[in-house]
Structure formats: structure tokens, C-alpha cells
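There are 2 protein chains.
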Amino acid sequence: MAIEIERKFLVINDDWRSLGIGKVYKQGYISTADKMTTIRVRIIGDDAYLTIKSKTEGISRHEFEYSIPLEDAEIMLKTLCDRPLIEKVRYTVNLKNLIWEIDEFKGENEGLIIAEVELESENQVIDIPHWVGEEVSNDARYYNVNLAKYPYLKW
Amino acid sequence: MAIEIERKFLVINDDWRSLGIGKVYKQGYISTADKMTTIRVRIIGDDAYLTIKSKTEGISRHEFEYSIPLEDAEIMLKTLCDRPLIEKVRYTVNLKNLIWEIDEFKGENEGLIIAEVELESENQVIDIPHWVGEEVSNDARYYNVNLAKYPYLKW
Chain H
1 MAIEIERKFL VINDDWRSLG IGKVYKQGYI STADKMTTIR VRIIGDDAYL
51 TIKSKTEGIS RHEFEYSIPL EDAEIMLKTL CDRPLIEKVR YTVNLKNLIW
101 EIDEFKGENE GLIIAEVELE SENQVIDIPH WVGEEVSNDA RYYNVNLAKY
151 PYLKW
Chain S
1 MAIEIERKFL VINDDWRSLG IGKVYKQGYI STADKMTTIR VRIIGDDAYL
51 TIKSKTEGIS RHEFEYSIPL EDAEIMLKTL CDRPLIEKVR YTVNLKNLIW
101 EIDEFKGENE GLIIAEVELE SENQVIDIPH WVGEEVSNDA RYYNVNLAKY
151 PYLKW
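From first to last, the protein sequence lines stand for chains H and S.
Per the numbering used here, the very first residue in the first sequence carries number 1; after that it's consecutive.
Per the numbering used here, the very first residue in the second sequence carries number 1; after that it's consecutive.
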């Protein structure tokens, strides 16, 4: 179990592309009655994970993540998860002791590119790279769980 | 991932008690939007499990079960699961090549005793012990997920 604190921004140009290598992600969500809890099934390459996140206060949340068999994840994505699934390529970029994760969305969220940075405390001061634009940490439309319900191409 | 086929009955007397040893179970459910999918957090002694079940046809369902750290399960039961939690003692009884699980409920389901038997096929013929009464396989009130919402003492 971990407490996750992250900030999320729109990406405004392509200058980050030379800085990282991408991995293909496919993920979906099992809808919960309580929208503060999310249950995610995720495949990264040949690895698969089941993750339960509970929204707590502000940008902090509890996260429980477990490795699961790839075959289980494929069945769950196919039979239990909301449509559309989230498909994206995630690029990891190390800059000034921070790890930025840039998600370039595909499928029904094509055109959307989001940069996330994980912090050690909610008030940590960070250097914002020049390819990072508007902060969307608190805009629920950009939560992956919501992009699986109201994808970017339908906005 | 497994396909689970089971039949469920009310227990009508105490003649099973000398046949098995009980283990304490504590479990809860994270409510899903689709009531055909259940997400269960379960503690048996010092072991903990996260289980996702999808109702399919009749008495068959998919089941995905993973061991998780006890501490995770305790936090999830406390913060994410519906109230009341399910508390019961499960007795396992082997009879004529069948494994019967007898759940004696506690807490808000005190007084309810249910016997379950797992089958290899939906049409398998079984010997019914004399301490087994009415079949409730298809009565949704007796699903543990529903006993966590509408416990027996409130019926």
C-alpha cells in the first residue's frame, strides 16, 4: 500500500520526445458504485496488474497494486471493464531528480498528451519543463477512469 | 482464473458440527456499478485475499483470486468496503467425495447457517446430507455480497 501524490499537466510541444522511451499500456476500469474508489486492470507489455485506488484528500490517494497473470487481465479487460479501454504509450523522462511520465493517448483519446510527476509531499516545489503547459491535476475529465467513460475525441 | 459451480442450502440441525473444524472469516465488498461483478476482500486467520467474481450463467461464474498482504486487506475492509462486514465461521466437511462448506454467520447475520457444495458440472448428482434443508442457490438474499447490504437480522 502506498500514498501517491502527483500533479498532472497538458503537454504543449514535442520537445520531450527525445528524452524517453515509450511502453505500450492497455488498461480498463471496473466501475464502482462509489466514484471515489477505482479498480484498474492494466497490461504493460507482457506484465499485468490489478490496482485499487481510493481517493482521499486533494492530490493524495491510497493505492494497492498487485501483479496478476496476463491471461486474467486479458479476460477482465474483455469481460468486466468499461468501454472504451484506455490505450496509450507512456514515456518516462528523468529531469532534475523528478520522474515525469508522459502519456500519449491512442484510440478514442487520440490527440491527448498528459505529463504527470510524482511528488514526495503536496507542497514540494518543482521545476516545470518548457514543454509542460496548463496544470489539470484537479480536472476530473483527465482522470484515466473518466477518459474510459468520456473519451477525449467526444469532448 | 477458475469457473466456480456451487449449490447452496439452508442447514436445518446441528448434526454436522462434529464433522469439521471451523476457521474465522471476515470479509467485505467494494460495491460495483454492475451488480453482476463482485469484488471481495477476505481475511482468513492471518491470510488475506482479493477476489473478483463475475456472474455468468446460472450457478457458474468466473473467479479471480489473489493473495494480498494482511495489512492491505485490513485497510480496505476499514475504508473501502460496504457496511456491515461479513463475519462467519466456516466449517469444512468431507462427505462422499464432496467438500461441504458450512458458514455459521455472526454479527448482523447471526442465526443464519448455510451449507455450500462445489460441483464439477451443473448437472452433477449429489447425495444431500440429512442436516441439509431448502436449496437457496438462486435466492439472491443469501449471496454474501447481499448479506453485507441487507443482513439476516433485518429480514
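Careful, some of the hints might be misleading.
Claimed, not checked - Covered, in the sense of this in silico footprint (three residues per stretch, anywhere, with C-beta under 8 Å from a C-beta of chain S), are these stretches of chain H:
(1) 32-40
(2) 48-54
(3) 63-75
Unchecked claim - In silico DSBU-like cross-links for lysine-lysine, where the CA-CA straight-line distance does not exceed 30 Å:
(4) H/Lys-23 to H/Lys-53
(5) S/Lys-8 to H/Lys-26
(6) H/Lys-149 to S/Lys-154
(7) H/Lys-53 to S/Lys-26
(8) S/Lys-8 to H/Lys-53
(9) S/Lys-23 to H/Lys-35
(10) H/Lys-149 to S/Lys-53
(11) S/Lys-96 to S/Lys-35
(12) S/Lys-35 to H/Lys-154
(13) H/Lys-35 to H/Lys-96
(14) H/Lys-149 to H/Lys-8
(15) H/Lys-78 to S/Lys-149
(16) S/Lys-96 to H/Lys-35
(17) H/Lys-26 to S/Lys-35
(18) H/Lys-154 to H/Lys-78
(19) S/Lys-35 to S/Lys-8
(20) H/Lys-96 to H/Lys-149
(21) S/Lys-26 to S/Lys-78
(22) H/Lys-35 to S/Lys-154
(23) H/Lys-53 to S/Lys-78
(24) H/Lys-149 to H/Lys-26
(25) S/Lys-35 to H/Lys-78
(26) H/Lys-35 to S/Lys-149
(27) S/Lys-23 to H/Lys-26
None of these hints come from the bench; they were simulated from the model.
All C-beta atoms, glycine included, are put in the ideal place defined by N, C-alpha and C.
Against the structure, the hints:
Taking a C-beta to C-beta cut-off of 8 Å, the segment 32-40 of chain H contributes 5 residues in contact with chain S, enough for the three needed, and the coverage statement holds. Three residues within the 8 Å Cβ limit are the bar, and the segment 48-54 of chain H against chain S gives 3, so the coverage statement holds. Only when three residues or more bring their CB closer than 8 Å to a CB of chain S does the claim for the segment 63-75 of chain H stand; here the count is 7, and the claim holds. Of the supplied pair hints, the one linking H/Lys-23 and H/Lys-53 holds, its CA atoms being roughly 22 Å apart against a limit of 30 Å.
Restraint check: the Cα-Cα separation between S/Lys-8 and H/Lys-26 comes to about 38 Å, which exceeds 30 Å; the hinted pair is violated. Of the supplied pair hints, the one linking H/Lys-149 and S/Lys-154 is violated, its CA atoms being roughly 37 Å apart against a limit of 30 Å. For the hint pairing H/Lys-53 with S/Lys-26, the CA-to-CA distance comes to about 21 Å; that is within 30 Å, so the pair holds. Annotation: proposed proximity of S/Lys-8 to H/Lys-53 is violated, straight-line Cα distance about 33 Å (limit 30 Å).
Distance hint between S/Lys-23 and H/Lys-35 is unfulfilled; the C-alpha atoms sit about 34 Å from each other, more than 30 Å. Our distance criterion of 30 Å between C-alpha atoms is met by H/Lys-149 and S/Lys-53, whose separation comes to about 22 Å. Using a Cα cut-off of 30 Å, the hinted pair S/Lys-96 and S/Lys-35 is violated, with the two alpha carbons roughly 35 Å apart. Taking the CA atoms of S/Lys-35 and H/Lys-154, the gap is near 27 Å; set against the 30 Å cutoff, the hint holds.
Simply put, H/Lys-35 and H/Lys-96 have alpha-carbon atoms about 35 Å apart, too far for the 30 Å limit, and the pair is violated. Distance hint between H/Lys-149 and H/Lys-8 is fulfilled; the C-alpha atoms sit about 19 Å from each other, no more than 30 Å. Proposed proximity of H/Lys-78 and S/Lys-149 is supported: the alpha carbons are some 28 Å apart, at most 30 Å. Among the hinted pairs, S/Lys-96 with H/Lys-35 is inconsistent with the structure: their alpha-carbon atoms are about 47 Å apart, more than 30 Å.
For a cut-off of 30 Å, the pair hint linking H/Lys-26 to S/Lys-35 stands: about 24 Å separates their Cα positions. For the hint pairing H/Lys-154 with H/Lys-78, the CA-to-CA distance comes to about 22 Å; that is within 30 Å, so the pair holds. Simply put, S/Lys-35 and S/Lys-8 have alpha-carbon atoms about 20 Å apart, close enough for the 30 Å limit, and the pair holds. The suggested pairing of H/Lys-96 with H/Lys-149 is violated, with an alpha-carbon distance near 35 Å, which exceeds 30 Å.
A hinted pair counts as satisfied when its Cα atoms are at most 30 Å apart, and S/Lys-26 with S/Lys-78 qualifies at roughly 11 Å. For the proposed pair H/Lys-35 and S/Lys-154, the alpha carbon gap of about 27 Å is at most 30 Å, so the pair holds. With a CA separation close to 14 Å, the supplied pair H/Lys-53 and S/Lys-78 stays within the 30 Å bound. A threshold of 30 Å between alpha carbons decides the hint, and for H/Lys-149 with H/Lys-26 the separation of about 15 Å falls inside it, so the pair holds.
With a C-alpha separation of about 17 Å, the suggested pair S/Lys-35 and H/Lys-78 falls inside the 30 Å cut-off, and the hint holds. At roughly 18 Å between alpha-carbon atoms, H/Lys-35 and S/Lys-149 fall within 30 Å of each other, so this suggested pair holds. For a cut-off of 30 Å, the pair hint linking S/Lys-23 to H/Lys-26 is broken: about 39 Å separates their Cα positions.
This entry does not satisfy hints 5, 6, 8, 9, 11, 13, 16, 20, 27, going by the numbered hints stated previously.
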